[in-house]
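J.: Make a model of the complete structure from these sequences and hints.
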Amino acid sequence: MTTPPEKVPEGGIVVEIEQMSEEERARHFAEVAEAVAADRDVAVEVGETLLEVHEVTVRFGGLTALDSVSFGIRRGEILGLIGPNGAGKTTCFNAMTGVYRPTSGRVLLEGRPLGRAAKHNITRRGIARTFQNIRLFGEMTALENVVVGTDARHKTSVLGALLRLPRHYGEEKAGTERAMALLEFVGIADRAADKAKNLPYGYQRRLEIARALATEPKLLCLDEPAAGFNPAEKEQLMELIRKIRSDGYTVLLIEHDMRLVMGVTDRIVVLEFGKKIAEGLPAEIRENPAVIAAYLGVPDDDAA
Amino acid sequence: MTTSQAARPRRAGRLGEWWNNLPRPQQWAALVPIVVLIYFLPVLNPPLLTTEPYTNFPIAMVHAAELAMVAIGLNVVVGQAGLLDLGYVGFFAVGAYVAALLTSKDSMLHKLPYLATLPLAMVVTMLAGVLLGLPTLRLRGDYLAIVTLGFGEIVRLLATIVPDLKGQVGFQAVGHPPGTKADGSPIFAANNGTPWYWLVVTLIIILLLFVGNLERSRVGRAWVAIREDEDAAELMGVPTFKFKLWAFAIGAAIGGLSGALVAGQTGFMNNQNFSVAFSVLYLAAVILGGSGNKVGVMVGAFIVSYIPDRFTNLSDRKYLIFGLFLVVLMIFRPQGLLGARQRLLSRGRQAYQRLIGRGEQISSESSVAPSGEEGRPA
Chain A
1 MTTPPEKVPE
11 GGIVVEIEQM
21 SEEERARHFA
31 EVAEAVAADR
41 DVAVEVGETL
51 LEVHEVTVRF
61 GGLTALDSVS
71 FGIRRGEILG
81 LIGPNGAGKT
91 TCFNAMTGVY
101 RPTSGRVLLE
111 GRPLGRAAKH
121 NITRRGIART
131 FQNIRLFGEM
141 TALENVVVGT
151 DARHKTSVLG
161 ALLRLPRHYG
171 EEKAGTERAM
181 ALLEFVGIAD
191 RAADKAKNLP
201 YGYQRRLEIA
211 RALATEPKLL
221 CLDEPAAGFN
231 PAEKEQLMEL
241 IRKIRSDGYT
251 VLLIEHDMRL
261 VMGVTDRIVV
271 LEFGKKIAEG
281 LPAEIRENPA
291 VIAAYLGVPD
301 DDAA
Chain B
1 MTTSQAARPR
11 RAGRLGEWWN
21 NLPRPQQWAA
31 LVPIVVLIYF
41 LPVLNPPLLT
51 TEPYTNFPIA
61 MVHAAELAMV
71 AIGLNVVVGQ
81 AGLLDLGYVG
91 FFAVGAYVAA
101 LLTSKDSMLH
111 KLPYLATLPL
121 AMVVTMLAGV
131 LLGLPTLRLR
141 GDYLAIVTLG
151 FGEIVRLLAT
161 IVPDLKGQVG
171 FQAVGHPPGT
181 KADGSPIFAA
191 NNGTPWYWLV
201 VTLIIILLLF
211 VGNLERSRVG
221 RAWVAIREDE
231 DAAELMGVPT
241 FKFKLWAFAI
251 GAAIGGLSGA
261 LVAGQTGFMN
271 NQNFSVAFSV
281 LYLAAVILGG
291 SGNKVGVMVG
301 AFIVSYIPDR
311 FTNLSDRKYL
321 IFGLFLVVLM
331 IFRPQGLLGA
341 RQRLLSRGRQ
351 AYQRLIGRGE
361 QISSESSVAP
371 SGEEGRPA
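The listed protein sequences correspond, in order, to chains A and B.
First residue of the first sequence? That's 1 in our numbering, and the numbers climb one at a time after it.
First residue of the second sequence? That's 1 in our numbering, and the numbers climb one at a time after it.
Just so you know, the hints here were simulated from the structure itself, not pulled from any lab data.
Hints may contain errors.
Derived BS3-like pairs (lysine-lysine); straight-line CA-CA distance at most 27 Å [claimed, not checked]:
no., chain 1, residue 1, chain 2, residue 2
1, B, Lys242, A, Lys119
2, A, Lys155, A, Lys119
3, A, Lys173, B, Lys242
4, A, Lys155, B, Lys242
5, B, Lys111, B, Lys181
6, A, Lys275, A, Lys119
7, B, Lys181, B, Lys105
8, A, Lys155, A, Lys173
9, A, Lys173, A, Lys243
T.: Okay, here's the thing in structure tokens:
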């Protein structure tokens with residue numbers, strides 16, 4: 001899928017890339033991006049609302065974590081969801097991916113409500129996510145982790161696997177190849193055979209993104225992907241997120257780091273205490289007094 | 001960006017790495033003499049290994065093989081899918097009673113040839129596994145363990161209470177495979193371990209092929225994903241309930257098969273063979289050898305079965321010894337003698353070869369404690 005498999009040199013593709021000329025390398029990466037690209041039929045046009053959060057309220061006992069929050073994510077954009085700690089960002093995420101059921105309100109994907117669909121079916125309908133605290137399958141290799149993601153689209157079950165039916169081989173081949181391309185795409189192919197728990201932190205973060213992309217999502221939700229990164233790594237991550245978007249994915253990004261959010265998102269939604277306090281372009285959000293107050297606090301004499 | 005850290009210093013385990021990098025046909029070729037040796041163990045009766053004069057050596061080997069089969073089944077449930085099952089002996093019992101009821105002269109039921117009861121025992125125990133799993137697999141961890149413990153006890157008590165199951169009186173002359181020697185005595189006699197051993201070992205090899213097929217497929221990946229992080233697996237599109245149920249059903253079927261084999265081999269079956277202690281012993285075999293490692297659990301089963309047969313003066317203290325051994329093992333090697341090890345891709349070799357130029361996973365060793373994993377919620 002990525003490059004013709006005739007001659008396999010010592011060290012595999014990772015070494016091969018090092019030896020490539022600039023031009024060959026560019027062509028190879030283009031092929032990888034093509035293999036990774038979103039090619040599912042998405043029912044909405046570019047720019048139309050892909051996912052709509054409609055008046056969603058989530059209550060835990062007496063605590064209202066989300067208070068009738070509404071916003072839409074348009075196809076092909078990178079939407080930032082920001083807010084101070086405890087503002088309800090992750091709760092909002094969890095309500096969208098089926099971990100929590102909204103107390104009231106609805107989440108609509110392509111105009112159809114998610115309703116009470118099981119979590120794995122929500123993934124199949126096209127929402128994939130990463131986790132704030134990395135949750136990889138530690139005993140699996142990086143490649144196996146990603147293939148689990150591709151399995152979301154596969155149908156082989158016990159009988160097919162037991163008897164090695166043709167569909168098993170077909171899915172296995174397609175899934176493994178797509179997973180290999182994804183590892184190259186996020187830049188961790190050199191450690192494909194390592195157990196996920198033995199990977200360095202930055203690699204684990206990237207592996208989570210690759211695994212989520214493997215489910216062929218219409219919407220990719222990244223929950224603080226830059227947590228614990230140094231500025232150089234954040235820069236690389238921004239690069240990756242942009243690359244994902246230009247490959248045809250829609251991205252929802254939860255992030256604390258304002259520089260990263262401002263640098264990569266198209267629009268931003270700001271939450272505070274479970275309520276949406278602002279929505280708009282990064283430049284508008286930067287100037288918005290309510291947002292500044294939420295992040296920096298309001299001086300006492302100002303309020304007086 | 002894919003270039004950094006390609007040459008990473010590797011840890012020990014040279015032997016394992018050498019083995020993993022051998023081409024597939026060479027691995028198979030190396031396995032042939034080992035399998036032949038295993039087949040001829042009871043005939044060779046090697047001097048140091050022998051359990052005589054305490055225990056008939058072929059019989060001891062049958063017991064070990066039977067326990068190995070149980071361990072393979074339990075390993076699917078505990079080792080692969082990570083579902084702690086403390087009532088596995090219940091499935092074993094169901095399989096044993098299916099064989100006994102359909103072949104023993106003490107039973108009222110219609111008689112079937114013994115070999116026909118083996119697949120039947122698997123089907124019945126599979127159904128039992130599904131029946132138990134449907135309501136209980138929504139539970140996790142300790143809660144599931146308690147419920148399965150209850151299931152094992154229910155089966156044992158039913159065997160005592162239901163009159164047709166004959167309680168402690170049991171069933172005499174449970175069937176065996178056909179065939180007689182020249183003098184007219186049956187080949188598969190209770191006191192003749194070797195043919196039974198060959199039958200069980202052959203079935204184990206077939207089971208290993210099937211279980212291996214499942215492992216290197218979407219099913220095996222789903223199981224290990226569930227074991228590693230059930231919530232994350234669900235959110236990555238794994239239908240966790242369905243695959244947990246399958247793990248239960250397949251584990252149960254293998255347990256049932258071993259039960260039917262043990263019933264046939266001993267020729268006698270009553271309610272005394274199914275106490276909780278057996279479930280614990282099975283689990284000890286799995287944990288000892290290395291939960292999640294097919295070879296490991298068979299080694300564990302061999303040790304658990306062989307030690308009491310070899311050192312009979314210890315056999316009444318075997319639980320004490322195993323207990324101590326397990327405690328020491330859990331301190332120094334919590335992953336078992338051979339750590340969890342699975343290949344989850346049918347085309348993994350080619351893929352790794354293509355990407356990094358090495359055929360297999362680099363490290364097979366589990367890090368010491370599972371609590372050392374990063375990124376788990378506290």
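J.: Flag every earlier hint the structure violates by its number, smallest first.
T.: Of the numbered hints given earlier, the structure breaks none, since each of them holds.
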